[in-house]
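Protein chains: 2
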Amino acid sequence: MTGAADPTARRRGRRTRTESADTRDRILTVAREEFSERGYEKTSVRGIAKAAGVDSALVHHYFGTKEQVFASAIEVAFAPALNAPEAVAEGPLDDVGERLTRFVFGVWENPTTRTPLLAILRSAVNNETAAAVFRRLIASQLLRRIASQLDAPDAELRAELAAAQLVGCAMMRYVIKLEPLASADMEQIIARVAPVVQGHLTGP
Amino acid sequence: MTGAADPTARRRGRRTRTESADTRDRILTVAREEFSERGYEKTSVRGIAKAAGVDSALVHHYFGTKEQVFASAIEVAFAPALNAPEAVAEGPLDDVGERLTRFVFGVWENPTTRTPLLAILRSAVNNETAAAVFRRLIASQLLRRIASQLDAPDAELRAELAAAQLVGCAMMRYVIKLEPLASADMEQIIARVAPVVQGHLTGP
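Chains as they are written, first to last, in the numbering used here: chain A, 1 to 204; chain B, 1001 to 1204.
For reference, chain A alone in the conformation it holds in the complex (with noise of 0.2 Å):
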């Protein structure tokens, strides 16, 4: 396996680890940091594989395109987040909508897990290929897995309204900034918004 990557890197004149978890790991830290500050448009695997020290064939060795790193790159940042949906969907379903919001509000409220949120964000909002990305790995993976928990027709479409209302708090408090909501107490904003997540949920 490190013969087919390492050979360019040794062409180049370039010093790099042998195929490894370490030098994996490092070059995924770089590419969420790069997605981070430039979002998706603007960041290249050149410039991650600068950042990193490595030669881009490596990145495209390890990781394929740059739409694969940065797929990559964010299910690293959400692991805890893409495993969070059985312990939200765990405990009774009559509050899972206190559990859902609690747990959203509490990923972007921690400033570790803010930050990779919002370039993932921006980057969806800004471009396709990103927003196909998002798509699959953050709405597939969390809203899916979530409405399989509910006994209900439309149960996708509810999970959707219920992460719609929670997304567009995200918006206007963390992004946008809104006045009051962005200095609200985050209580009270628990308090409005858990029962509307709870009926779109669960409500007739």
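FYI, nobody ran anything at the bench for these hints, they're computed from the structure.
No experiment lies behind these values; they were computed from the predicted model shown.
Careful, some of the hints might be misleading.
[Unchecked claim] Cross-link-like lysine to aspartate or glutamate pairs, in silico, EDC-like; alpha carbons within 16 Å at most:
1) K177/A x E1037/B
2) K1042/B x E1067/B
3) K1177/B x E128/A
[Unchecked claim] Ranges between beta-carbon positions, derived for each pair:
4) T1113/B x S20/A: 48 to 56 Å
5) G1064/B x S20/A: 52 to 60 Å
6) D1025/B x T115/A: 25 to 33 Å
7) L93/A x Q1141/B: 36 to 44 Å
8) Q188/A x Q1141/B: 23 to 31 Å
9) T1115/B x A132/A: 34 to 42 Å
10) G1203/B x R24/A: 48 to 56 Å
11) P1092/B x T129/A: 28 to 36 Å
12) D25/A x L1093/B: 34 to 42 Å
13) A1152/B x T115/A: 20 to 28 Å
14) E1041/B x A132/A: 19 to 27 Å
15) S1140/B x A51/A: 36 to 44 Å
16) Q1068/B x E90/A: 49 to 57 Å
The beta carbon of each residue, even a glycine, is placed where N, CA and C say it ideally should be.
On the provided structure of chain A, position chain B as indicated by the hints.
Showing chain B alone in chain A's frame:
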């Protein structure tokens, strides 16, 4: 007045019309197109001037900084929307949720108004200056007016949470294009969303 702007254009040997509503309108139309296509950051006053066939100085003379050109372009694009809160607020308060929901989806379903709206959303998500313009124009003008109709101490927060549901739906349906929401029947969406918007605005 005209004398203040034209000399620059004349100095560079470029023929421009005298200061007139026509020229201003043309610059604004071009500005809207440029901001729509490129987003706030990649759009320059120079590029707008070039596309409008006038000198940059004339654009600055009429509108000021790039931020001010952006604000003016939004204001023109949203003149109908900015005048809508009265229409939305007219009529009984107990179906203001449905009127607001139908109004917002009406704007998004119409390609003529969707394009500048997308441009504003994209710019606001990506750029702090554009976000500030968004806050001031759309948010303050639209939401404050709706809030002023409500008889509640937290009227502004209510209006913002209602708007968050609508903005989130627009994001998921028109920008991210998440299925089944993206293809769902409009009346089905309105039937689910309008009561939520109503609840935010006038609920307990």
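request  = Against the earlier hints, flag every one the structure doesn't satisfy and list their numbers going up.
outcome  = 1, 6, 9, 11, 12 and 13
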